[in-house]
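Chemist: One-letter residues, chain by chain:
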Amino acid sequence: MRGSTDVADKHPDVELRIPADSAFLAVLRTATAGLAARLDFTLDDIEDLRIAVDEACAMVLPQARVDSDLTCAFDLEPTRLTVAVTAECDTPQAPDRDSFAWTVLSALTSEVRADVHGERLTIRLARGTDSD
Amino acid sequence: MRLRSAQLFAQLSDEHSTDAERSAHRDDLVRLHLPLVEHFARRFLNRGEPLDDLLQVGTIGLIKAIDRFDLGRGVEFSTYATPTIVGEIKRHFRDRGWAIRVPRRLQELRLTITVATADLTQQLGRSPTVAELAERVGVSQEEIIEGLESANAYATLSLDAPDSSDDSALSMIDVIGGDDEGLEHVENRETIKPLLEALDPREKHILTLRFFRGMTQSQIAAEIGISQMHVSRLLARTLERLRDSLEESSAPPS
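From first to last, the protein sequence lines stand for chains A and B. Everything in the first sequence is counted per the numbering used here, starting at 1 for the first residue and increasing by one. Everything in the second sequence is counted per the numbering used here, starting at 1001 for the first residue and increasing by one.
Bound-form chain A, shown alone (with noise of 0.2 Å):
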């Protein structure tokens, strides 16, 4: 499954696969806030962090295929999270980075880039305790 080389390679410390469905991002938000506590990131940081893959969610969504999985890698370090969407596509497709949805999501991260590997489409953002 791990099949694209540009993400990192090692094994993710959490991976959750859910329904390319609006309906169970909840499940994505509580994890990453989860998360996020253990690391010791503040309120105001967990929020954002929240808002922030909501976003990436919400960009891949639209393109992923109907009927297929999203799947969510975690990476836990001292003092930084990363999170990667990943999407299953027809003809996947990396957002504009001139969107405004893109400058929102960068806005709330210290890191993100979307990458696309054959079918799928990957957003892949970060945020360290002590922000930016």
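By construction, these hints were calculated from the structure, which means they are not laboratory data. Don't take every hint at face value.
Stretch-level coverage of chain A by chain B, calculated; a stretch enters the list once three of its residues show a Cβ under 8 Å from a Cβ in chain B [to be verified]:
(1) 29-35
(2) 47-53
(3) 98-106
Idealized CB from N, CA, C, for every residue including glycine.
Chain A is fixed; fit chain B onto it per the hints.
Modeler: Chain B only, in chain A's frame:
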């Protein structure tokens, strides 16, 4: 755009600006950052609330953020404003009764967390971590996380000290209405405000200590100089009376 925004903020805080000029700058800032509000309003569109309402409450959030923003902190305004805007929109859903039913235990925990968050934020100059909250409240980190999640079932935690009576009134509804089926639909803060006002000073005082300062009954007893049993009885009686009044005022006309 960023440059223009920074300019306007600088002018806003300039002591030489007149009130009229400040007002104009504020309007310009609102207009400049409206796309941000629109962006988030649209994200919440498929939940049964009209776009106009969402835009309106989102704009309130924007205005709050503009008023509180401090250029000197070195954070970009969009980053700063986002949680405030989203918070207002989420709060709107809560006010409109889209809240998910949460067990009383969690509601009370949430209130305690809100108070502790306000205190710690003021003390630390930043929002607290879960560990800090757990220590302050005296519960496990697990429970804090649980409390935070239930809060997000409908709204972000308010990071302000309870200065606006609106917040307090609504929190009160959460606690009183918790287990009562008949009060399921009472989500209007306007209903409870007059009822709170009609309480006698001692009842009000005890409610304030219990729900807004997060004190335990023993602490309240110590503060007022009566027994804990007495506090317990008074509290129960006051809450019961509030419940009854709420039921009366929310009952449909027969």
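Chemist: For the stretch 98-106 of chain A, does the count of residues with a C-beta closer than 8 Å to a C-beta of chain B reach 3?
Modeler: holds (count 4)
Chemist: Can you confirm whether chain B covers the stretch 29-35 of chain A, using C-beta to C-beta distances below 8 Å and requiring at least three such residues?
Modeler: holds (count 4)
Chemist: Quick one: see if chain B covers the stretch 47-53 of chain A, three-plus residues with Cβ-Cβ under 8 Å.
Modeler: With 4 residues close enough to chain B, the hint holds.
Hint compliance for this structure: every hint is met.
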